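Assemble the complex: chain A is given as a structure, and chain B must be docked to it using the hints.
Each protein sequence line maps, in turn, to chains A and B. According to the working numbering, the residues represented by the first sequence are 1 to 313, in order. According to the working numbering, the residues represented by the second sequence are 1001 to 1353, in order.
Here are the simulated lysine-lysine pairs, DSSO-like style, with alpha carbons at most 27 angstroms apart: (1) A/Lys248 - A/Lys306; (2) B/Lys1005 - A/Lys310; (3) B/Lys1005 - A/Lys306; (4) B/Lys1193 - B/Lys1049.
Because the hints were derived from the structure by calculation, they are not lab data. Here the structure is a predicted model, which is why all the values come from computation and not from measurement.
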Amino acid sequence: MNADLFANAFFEILANPEFWVAVLRIATPLILGTLGVLLCERAGVLNLGIEGIMVAGAFTGWLAVHGGAPLWAGVLVAALTGGVLGLLHALLTVGLALSQHVSGLGITMLASALSYYGYRVSFPKVSTPPTITPFAEMDWLNVPILAQQTPLTLLALLLVPLIAYVLYRTPVGLALRLVGENPQAAEGQGVSVAALRSGAIVAGSALMGVAGSFLTLSAFNAFFFNMVNGRGWICIALVVFASWRPGKALAGALLFAFFDALQLRLQQSGAVLLPYQLYLMLPYLLSIVALILVARQASYPQALMKPYRKGER
Amino acid sequence: MRLEKRAQQSAIALALAPVGALAFTLLISALLVRWAGAPVGQAYGLLLKGGFGSVFALSETLTRAIPLTLTGLAATVAFKARLFNIGAEGQLYVGALAAVAVGGLHGGTGFALPAPLLFVLMMAAAALAGAFLLLGPALMKARLGVDEVVTTLLLNFIVLLFVSLMLDGPMKDPSAMGWPQSVALQDELTLAKLIAQTRVHTGLLWAWTLAVIVWALMKFTVQGFNIRAVGANTRAAMFAGVPVTRTVVLVAMLSGALAGLAGAIEVAGRTGYLTLDMSPGYGYTGIVIAMLAALHPLGVVFASVFVAGVLVGADSMSRAVGVPTYIADVIVAASLISVLVATSLTQYRIRWK
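Next up, chain A with everything else stripped away, as it sits in the complex (with noise of 0.2 angstroms):
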């Protein structure tokens, strides 16, 4: 049939480089959101809050610039928003000791609820959703497809090391993982699982807001209902494939975005015409083969969705 022709659709959409630029536009919330899961569950905590974490973040974040601040002000703004969403589920797993999942999956609720409530209260009667000037592209950075990408890209790519580094090379790293595989062991180091769990959830929750920022600060320039659309469950998936290690959950986010951005194309292209709900369903079934592909060698974190209770075996 159209062999020919998809092929040559094919080849044409990966000869240009707006194409990878997209890649790495798709990719930036998804490493920042992945990074920040990775953090949580390396000290052995899953949080399913990333979802209305992000939204909350996108809020926030595109809030403050709205009212005035400048746009940096509006990514810390939103870190802040998922420091304090992290803190809550700290809160309720590390200090409570309640079922991740459930508290988790409250927090998606509650962040959700009320950035959408709060986007209605501060904007009650607007027909087009207002719109901010977002970051610019990098222009003075002299690297091809880099250059066409907002500083949030660069810094989402800088994590990447910077985390491993600490992960792998420092002292508070090791107690983190030590917290995340057997946290009896820890305590006996006198390591405080608790301080430990907490402040990587706070951290971890600050980089899901930052994912969430990105999509109000750079990727568009308003905020939208549903705009988050299902990138934070994308992320818990993505941690698993990158078997919780850095820089293959920066290798994920490419892949994923890789394929994203190719359904996208292939669908304008209208060189294989397929509904395009198809296409659509592509990045959702691409992580469930992946995490299926991975399932033999997972390698969880040994204590990850094990609250910990002094004093108790």
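Only chain B this time, still in chain A's reference frame:
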């Protein structure tokens, strides 16, 4: 700070926990209502009146409670066995889709079978569709160790896109002028109204009956015991000879079927056809209901009426005083978190050292 298990739970604390949680939730929501510039007292009055204050309000609340009871039961059964099924939303939609596939007016007439038989087939198809949708993640969990939370969550997105595909194609209502809407259900298959002039339908009796059946199943049968054993301690259950994989599969089928039925009953009782906005997150709210009910099947009946009342009441209140309807979602989410905290404090004492 650390937790210390209380030797015995005080009866007063147990009674006060839900009250305290509710008070805290109302306090948070009051601040938000003030922020929106509405009078708090009046807003709460309107919420109560809109949710429970008249026969009409009650009928709307009960109508909304029907799918919530079923998704609440779906979450209860699954969570009891520590199978974290977050996919009730998707299971609800495939259930509704299967119901329309069997009972819809395809080609203007639909299947020419006696109505009672077709009704049974329709409900069975919905239950099976939901059950099989959850079976995949459950087996992947049991056999490969793939976390079911992520797979069921992602399946929700896939299912919604699949339903959208079907509403554009084979299930499309040709007379709906391009609006994505399925063909209507055959008239004989719709559920009767429970109270004339309202929307509340006999699906309520179905939901409540199923709650009693699930409760009896959990309490009095071997399967129910196995489910509770697997949930309490999977390893211990395995050593005690409980067939763990078979129990997980059974739980998945049961939980998925309940959520699938929620979809079919919504179509048959309320809408008459399937659209993409049929469920405003009933699947997710079901989890809140299950937790509010402390995973007790009969508690689900009451928790779902409470949550439905809040949702319906907030709708009418927000229209009257100009508070965004999202206040309902805030109240539901905040009550989940505060009930969890309150329950935990009745079981544990916090030592600050």
